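Sequence order for the protein chains is A and B. Take 1 as the starting number for the first sequence in our numbering and just add one per residue. Take 1001 as the starting number for the second sequence in our numbering and just add one per residue.
Please keep in mind that the hints were generated in silico from the structure rather than gathered at the bench. Computed from a predicted structure; not experimentally measured. This list has only true hints and no planted wrong ones.
Part of the chain B face toward chain A, derived, beta carbon under 10 Å:
no., residue
1, E1096
2, Q1107
3, G1110
4, T1269
Even for Gly, the Cβ is constructed at its ideal location relative to N, Cα and C.
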Amino acid sequence: MRSVSTAAPLLESHDLSFRFGARPVLHALNLQVEAGSIYGFLGPNGAGKSTTMRLLLGLLRPASGTVRLFGHELARHRVALLGRVGALIESPSLYDHLTGRENVEATRRLRGVPAHRTAEVLALVGLSADAHRPAREYSLGMRQRLGLALALLPDPDLLLLDEPTNGLDPTGIIEMRALLRSLCHEYGKTILVSSHLISEIEKTVTHVGVIQRGRLAFQGSLPDLQRLQTGRAQLVLETENAATCRQLLPHLLAGATVAGSGTLQLPWLSREHTAELAAGLASVGQPIYGLRQEQPTLEDTFLHLTEAGRSE
Amino acid sequence: MEYALPTAPGPFIQLGRTLVADALKMRRTAALWLALGGGALPVLLNLLIFYFKGHLLVKPGQNPWPQYVGMSWQTASVLLLPLFVVLLSGLVVNLENRGGWRQLLAQPVGRGAVFGSKLLLLLVLNAVAQALYVLLLLGAGVLLGWLKPAIGFQQHSISLLPVLRMLGHTYVATLGILGVQYALALAFRGFVGPLAAGIASIVSALTLLRWEYIDLVPYAAPTRVLRLLEGDTQLHVAAALTPVEWYSLGWFALAVLVGYLLLLRRPITD
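The following block holds chain A by itself, in its conformation from the complex:
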């Protein structure tokens, strides 16, 4: 029995598994996306992100497990539930012989959305001036933005965006981040956004799920992920001769690695240990040019999580 929490997740999967023929792709995925969050769905290429996205939209049938959107089972109420979902799956599939506006119109008519939305979403993604041009003349970034316009068309409560920054230039990436934040904070949208680069979305997301080889390696809030990092902080010592220091203080520098001729790195243990090390170095007459604590970046943590999965 599932316990009924005060705020049911807007999107959840329960033991979701999928296989292509005999090859298993996803193993018992339990995703939980809370209402009002921006959930970063991270994983290296080929980890199963796009397959998961397709399962969440009912494009693929799971081998086992269920998907629930807005608390209702997707398999039973697909059409009703997708009415509140906007999606961008991989590179947006556009009709190249149609103009940008006609592409939006085709989806607008399909969904029965009011006519004024076409101009609104084109303006929102900054394509109003190019809306009359055929989509085949669009750059990759413009195609991506038109795909986003299609996803935003029904003013959905839930947005599923698969690698939305693909093909965008740095300005475009920054604009996309700002747009996602404003959609979440000002318009109350819940967003699930996938990426293979944590650096692209770490400034945007509130929650993170890391998938590796079809398994969820981590799921939680961004602070949860940051807490996971603190155990992996490093102490970096800048001195004259790293090797000599290690010989002189074998106990204090037991876990240290030589990172350069004058640089030593060791796991950060405690403030007392740091003070002890400084005193020890002074007592054996070695200079301290620098002694600092280094937090691993989220990227390091992401790599650590995904590599741990790989070496299994």
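Given chain A, put chain B in place with the hints provided.
Same frame as chain A, now just chain B:
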């Protein structure tokens, strides 16, 4: 917190919306030009034949219309019409083959609506193309009357009822091909596969025209209904459906069912 289940649009609303969207997607496509202009080729060929050689084909004083309509119908039905249906169904389905399926099927419409909409579109385009062909054919006959009064197109007339009946018979005869090709296009997920299968089937059907069971082959049906065109002085076409047409309808029904199941069960991975 419980979320209320959003209401889903009814199946006919879904079908209507999908059809309106599909119609919009036809703009500037080869499929649309084919449907609007495809009938011109057999008409043009026969216009030229009658313009240059009409005096050899029609005896003086004879009504040229039945022969003119019969010859043109033959040109159109044996090869061009089956080929047209093969091309049309392939082109209409191929519009979605570059990622369109995942975009389309991630929208709040059922797969039945997606399937039905494209089928209706094909049926309408096929009907429009054949109706335009008849209009062009009759128009070209009138034109011949002005350009070559000696052949006698102006002195004689053609009754519309047999022409319209023949249009109906031919339309029904193409439905088997249309259904099978639509299902093939959904199965192959590309343009070349169903086209190759279609051309191979047409050629086989034409080769086997003297086989005793040829009426069972849908690709031969448009040729087989040509027998209904009768009369030298005035055109006669029987109203009742022939076995060929019933078989064509049977193929259509079977192919539509298979095509629907194919789309319904298809994993969207492209």
